[in-house]
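Chains as they are written, first to last, in full-length UniProt numbering: chain C, 1 to 504; chain P, 1 to 315; chain Y, 1 to 313.
Hints were generated in silico from the structure; no laboratory data involved.
Be aware that one or more of the hints could be misleading.
Below, a list of computed lysine-lysine pairs in the BS3-like style, where the Cα atoms sit at most 30 Å apart [claimed, not checked]:
#1 Lys248/C x Lys46/Y
#2 Lys123/P x Lys121/C
#3 Lys121/C x Lys141/C
#4 Lys219/P x Lys124/P
#5 Lys121/C x Lys452/C
#6 Lys113/C x Lys54/P
#7 Lys46/Y x Lys123/P
#8 Lys124/P x Lys46/Y
#9 Lys113/C x Lys141/C
#10 Lys219/P x Lys123/P
#11 Lys464/C x Lys141/C
#12 Lys337/C x Lys464/C
#13 Lys464/C x Lys391/C
#14 Lys113/C x Lys452/C
#15 Lys28/P x Lys391/C
#16 Lys28/P x Lys54/P
#17 Lys391/C x Lys54/P
#18 Lys452/C x Lys464/C
#19 Lys121/C x Lys391/C
#20 Lys337/C x Lys113/C
One-sided and incomplete, this derived list gives chain C residues near chain P with beta-carbon spacing under 7 Å [to be verified]:
#21 Asp172
#22 Gly174
#23 Ala176
#24 Val189
#25 Ile218
#26 Val223
#27 Ala230
#28 Glu385
#29 Ala387
#30 Thr388
#31 Leu390
#32 Lys391
We put the beta carbon where it would ideally sit given N, CA and C, even for glycine.
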Amino acid sequence: MPRTITAIALLFAACAAGTVAAAQELRIGLQDDADILDPDQSRTFVGRIVYAGLCDKLVDIDPDLTIVPMLATGWEFSDGGTTLTMQLRDGVTFHDGTPFDAAAVVANIDRSKNLPESRRKSELASIESAEATGPLEVTMKLGAPDATLLSQFADRAGMMLSPTATEAMGLDFGLAPVCSGPFKFVERVQQDRIVLEKFPEYWNADAIHLERVVYLPIPDTTVRFANLRAGDLDMLERLAATDLAAAKADPDLTVESAVSLGYQGVTMNVGNGPRADNPLGRSALVRQALSLSIDRGALNQVVFEGAFAPGNQPFPPGSAWYDERFPVPTRDVAQAKALLAEAGHPDGVDIELQTTNNPVQLQVAQVLQAMAAETGIRLNIVSKEFATQLKDQTAGDFEASSIGWSGRTDPDGNIHQFQTCGGGINDSRICIPEVDELLNAARVGEDFAARKAAYDDARDILVKEGSIMYLYHPTWIWALDDAVTGFVPYPDGMIRLEGVRKAG
Amino acid sequence: MTRFILRRLLIAIPTVILISVFVFLLQKLLPGDPVLALAGEERDPETLAFLREKYRLNDPLPMQYLYWAQAALQGDLGISLRTRQPVLELIGEKLPVTLQLAVMSLTVAVAIGAPMGVLAAVKKGTFWDWIANAVALSGLSIPNFWLGIMLILLVSVNLGWLPASGYRPLSEDFWQSIRTMLMPAFVLGTGLAAALMRHTRSAMLGVLRMDYVRTARAKGLSERRVILRHALRNALGPVVTVSALLFGELLAGAVLTEQIFTIPGFGKAIVDAVFNRDYAVVQGVVLVTALAFIAMNLLADVAQALLNPRLRDAP
Amino acid sequence: MSAALERETTRAGPSGAASARGGASSDATPDAAARPARRRSRVWAKLRASPTALVGGVLVAAFALIALAAPLTGLDPAATDWGAIRKPPSAAHPLGADELGRDVLARMVWGARASLLAGVVSVAMAVAVGAPLGMLAGWARGWTDAAISRATEALLACPFLILAIAFAAFLGPSLTNAMIAIGLSAAPVFIRIARAETMRVAAEDYVESARAAGVGQAAILWRTVAPNIAPPLLVQATLTVATAIIAEASLSFLGLGQQPPAPSWGSMLNVAKGFLEQAPWMALWPGAAIFAVVLGFNMLGDGLRDALDPRQN
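Please model the entire structure based on the sequences and the hints provided.
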C-alpha cells in the first residue's frame, strides 16, 4: 500500500511539473469557439479577436475610436462624399507571398459585396464600384455619401484576404485562411485551439515580439480563470466581473479593461405580429414605467459588482455620441406606478420576458423581475437557448426579449438597423418615419455636429416611444499574467498583438 | 459462432437506419435552424434566405433525409455549417480524444472496481464487504457534473495541482495530455468502478461456490493462490464482458464531463452542435457514437456466447 | 440478451449491479408467482430486515417529507435581498445566500420538490410508455416484436443525455418538459424488461392454462401477466428514479430544466459553478442533496431487488 501511495505521489509531482509553456508563445483564453475563419462569412465576436492577429484591414481604430491608417496610408472623399480614393501601403505581401496592391483591394471588395454567402454585403452597400486607379491607389464610387464606410473598413469588411487563396479555396477559404496580418495560420482544432505563428515578412514586423499565438476556447469563466492562475494561459478575455476583485488581488496578474461599444437591453415587441398586442407593446407609457422601475446602478452592482457601465442609450455614457440631456434615469417607483395607472393598468400588468439560458443573463432577468414587481409589472421569465430565442424574436413570437449587441465603431451600427422601419434586425418592428429620416440623414453626413444633432433629435422621440430598454454596457475585462506587457485595451474588445511582449 | 455474429450484424442494420432517421427527425424538430443560429446578432434576411435555399433547408423533410442518407452511404457525412469542416474529418479529430478519456476512465474503473469486488466477495458478509458496497453505492449516486466541479474547486482552484482544462493530444505533449485527463477520467471512472465492483463481486461469489475452488482449497493451496490463480481467472470472463459494455457506455457518458473540463471530444462536439443546430455534426457524431455502442454490445454478446454456448441459439 | 446488461451500468444510468445480481429475476418459480399474497408478506418482511432498504427508505422518506412540507416552513425561495448577495452561512441564512441574496436553505427545501417530482413523474411516464409496449412486443412476437425491439435498440444506442437534451430543447426549457424528455428517454429500458419478462411469463403453465380455459388475451395480459412482471419493473423503476433525478439536475445544469426564479438543485448548481471560489456553499449543498436522495433511491432499489429476488430464498 505505501508503495502505491509513493507511486501516486510521484505521478502527481511529475504531472505538476508538467509543461512549461514555451517563451514567446502567447496562450489566450477565449470565451467561445470561433466560427468559420473567413472574414466575409463569419460573424462571431471571438472570430474577430483571432483576425486581429491574422488579418490586417484597410484602416484601424485607435483606443479613442479615431480611424488610423493600416493597409491604407491615406484616403480622401471627393465629389460631395460620393468618391473615396485610398492610397495603399507599399511593400506589403500576403502570407502566401501574393503582393498586396490595388487589384487585391478591388478583388476583396468584390468578394465582400458579391459572394452570395457574404455577410458583409450590407456593410459595403454604399459602394457602387471600385477601381484600381494606380498600382497602389483605389477609387470607389459611392451611391450616396456614407459616413460609416471607413469604420466598416476598420472591421471585417476591410480585412484583406489573399486573392490567390480566395480564388483557390473559394468558400473553404476559412479552413486555411491567408491574409497579411502579423501572424499566419498554422492549424485549428474545433473547440480546442487555433494556432498562429509569426509572419516574418510582415510590414510592421518590428512591432511584433511573439513567435506563436494560441487561442483556446474555454467557455467556463471559472475554468478559464483557474487556467490563467495556474500558468496554462498567458491572458484571457472577458473575465467574469465577479472574479475582478480576485484577479486584482493576485500579485502575479494584471487586469485591463475598456467599456465596450455594445449594450445589453430589453427589446419589446411593438409591431411584430399578433404577440405585439400586449400592454407593453400597445402602450409607450407602460414601456416608460418599466424603464423607470429599474435601478440600473443596482443591477450593475448586484450582477457585475459595479464593473459594467449602466446605460440608457445605444452609446455608452462618455461616448461622444451620448446624449447628455438624457442621463441614466434614477429609479422612480411612484412615477412608474402613476404611468401604469395612466395607461389604464392600475393593478399592474403581466409581461413575458424571454432571455438566454446562461447563468448571468438569468441573473439579470431575475433582478429585473424583482425590481419591476415593485411597480406592479410582473415579468414572467422564459429562458431559451440562444438559437430558439433568436428564432422567436425574429418571428415575433415574444413580448419582451433580453438581448445584447456587441457594438460597432460608428454610432450608426448601434441604432440604424434596430430603429428604422424595415431595418434588418428591427425585431420589435418599431416604425416611426420621423426617426427614419433623422437616422438616414445621420448616415450620410460627414460633419460630426450635424450627425450628433440628428441622433439627439431621434433620441427625443425614442426616449418616449422606445422599443429597446437599454440597461448596461459591458466592460471588456482582460486578465494577463504579469509576464505579458504592452497590451493595450480597446473598446472594441479586440486583442491587438502589436507591441505585446512576454518576458521569460 | 459465425452465424451468430452474422445474425447480430444483420439485426444491427435496421437499428442503425432507425437511429439515423430518429436523430434526423429529432433535430429538425428543434426550434431555429443552423443558418439562423449561425447568423447570431447579424441576421440579414437576404443572406439567411440564400443560405437556407443553398443548404436545401426549405425542401420537404423526407427529401432532406434522403440527401443526407445518399451522401452518407458514399462516405460523405456532410460539412459543419459553422466552420465548413467536413464532419468525417471532425470525427477523426474528436474520436481519439474521447477514446483516450474512455481508456483512462476504464483504467481507473478497473483499478478501483476489480480489487474492491474481489475483496468484497472474499470477505463476504464482513465489514470489508459492507465498506465496498457502501463505496460502490456512493460512487453510483454522486452526480458526475457535481463531482467534476467540486474537483475543479479543490484540485485546480485551491490546490493548483492539476489544470481545470487545456487538453493536448498524447502525441504532442504526453504529460500535459495525461495531466488534463486525470480528473475527468477519475470522475467518469469512479462511477464505472461502482458498477464494475458489483459485477466482479457477484462473479467471484459464483466462482467461489464452484467445486474446483473447493477442491483447490481442500488440496491445501494457500488462500491467496486459490483466489488469484483459480477464482479470479474464472471470474474474469464476465468482468471483461462488462468492461466492453462499459466502454460503449463511456463514449456516450462523456457528454457532461467533457463539457465541464472543456475536453474537445465527442460529448462537447454533440452538445455544442445541438445548441448551434449544426445538423450534419449532430447527425454524424451521434451515428458514430451509436455504432460504437452497438459494436461494444455485440462484442460483449459474442464474449458471453463464447463463455456460455447455450446462449448462441437464444433470440 | 444484453438486456440484462444494458445501460444501467454507468452512473448516468440506473445501478448497473441491478442486473448483476439478477435484477430481472429470470428464474422465478411458478408457485411463487402464483401465490402473490403470501409472497408479498414475505417480501415485506425481508425488506424490513434489510439495512440497505431501511436506510434508503428513510432517506427517501425524509426528502419526500421535506418536499411535501416546503409550503409549511414559511421559507421563501424567491425573496431577494441585495444586501445578502453571496453571503456565507450565518444565523439569518444557515446555508448561506445565493447570487441574488436569496436564502439557500429555502431554495434547497423548495428545490427538493422539483427534484423528487421530476424523478417520480418522469419514471411514471417511462413505465406508462414502456411497460405496455414491452408487453405487446413480448406477447405478440413476430413483426410487432421486431419493430418495437429495433426501435428500442435504436433509442438505447443514442446517448441518454443527448436524447434528453434534444427533447428538452425541442419542447422548450421548463420542469414539465424536462420530465417529459427524461421520461421518453428512459422508456426503452422498461420496454426491454417488460418484453423479456412477458416472454418468460407467457411460457409459464398458469398462463397456458388460462389460455386453455378460454380467457381473453387482454384479460390474461392484465390479470395474469401484469402482476407477474411487476416486481422487476418496480425494482428498475426505483433505480431509474435515481437516474432521473440526476438527469433532471443535468438538464437544469445546462439551463434546460426548472425555470427561474423557481429553484431546482440542478439550476442552483448551474449558477454556483460561476462562483466556486467566492461562494462554495452555493455548489456544496445542492450537490450533496442530489447525492443523498439518489443514494436513497439506489439503496431502496437494491433492497427491493434482494427482497424480490427468489433466488436468494
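Consistency of the hints with the structure:
{"no.": "1", "hint": "Lys248/C x Lys46/Y", "in the structure": "violated (61 Å)"}
{"no.": "2", "hint": "Lys123/P x Lys121/C", "in the structure": "violated (75 Å)"}
{"no.": "3", "hint": "Lys121/C x Lys141/C", "in the structure": "holds (16 Å)"}
{"no.": "4", "hint": "Lys219/P x Lys124/P", "in the structure": "holds (22 Å)"}
{"no.": "5", "hint": "Lys121/C x Lys452/C", "in the structure": "holds (26 Å)"}
{"no.": "6", "hint": "Lys113/C x Lys54/P", "in the structure": "holds (18 Å)"}
{"no.": "7", "hint": "Lys46/Y x Lys123/P", "in the structure": "holds (23 Å)"}
{"no.": "8", "hint": "Lys124/P x Lys46/Y", "in the structure": "holds (19 Å)"}
{"no.": "9", "hint": "Lys113/C x Lys141/C", "in the structure": "holds (14 Å)"}
{"no.": "10", "hint": "Lys219/P x Lys123/P", "in the structure": "holds (21 Å)"}
{"no.": "11", "hint": "Lys464/C x Lys141/C", "in the structure": "violated (39 Å)"}
{"no.": "12", "hint": "Lys337/C x Lys464/C", "in the structure": "holds (16 Å)"}
{"no.": "13", "hint": "Lys464/C x Lys391/C", "in the structure": "holds (28 Å)"}
{"no.": "14", "hint": "Lys113/C x Lys452/C", "in the structure": "holds (29 Å)"}
{"no.": "15", "hint": "Lys28/P x Lys391/C", "in the structure": "holds (14 Å)"}
{"no.": "16", "hint": "Lys28/P x Lys54/P", "in the structure": "holds (17 Å)"}
{"no.": "17", "hint": "Lys391/C x Lys54/P", "in the structure": "holds (19 Å)"}
{"no.": "18", "hint": "Lys452/C x Lys464/C", "in the structure": "holds (19 Å)"}
{"no.": "19", "hint": "Lys121/C x Lys391/C", "in the structure": "holds (22 Å)"}
{"no.": "20", "hint": "Lys337/C x Lys113/C", "in the structure": "violated (50 Å)"}
{"no.": "21", "hint": "Asp172", "in the structure": "holds (6 Å)"}
{"no.": "22", "hint": "Gly174", "in the structure": "holds (6 Å)"}
{"no.": "23", "hint": "Ala176", "in the structure": "violated (11 Å)"}
{"no.": "24", "hint": "Val189", "in the structure": "holds (6 Å)"}
{"no.": "25", "hint": "Ile218", "in the structure": "holds (5 Å)"}
{"no.": "26", "hint": "Val223", "in the structure": "holds (4 Å)"}
{"no.": "27", "hint": "Ala230", "in the structure": "holds (5 Å)"}
{"no.": "28", "hint": "Glu385", "in the structure": "holds (6 Å)"}
{"no.": "29", "hint": "Ala387", "in the structure": "holds (4 Å)"}
{"no.": "30", "hint": "Thr388", "in the structure": "holds (4 Å)"}
{"no.": "31", "hint": "Leu390", "in the structure": "holds (6 Å)"}
{"no.": "32", "hint": "Lys391", "in the structure": "holds (4 Å)"}
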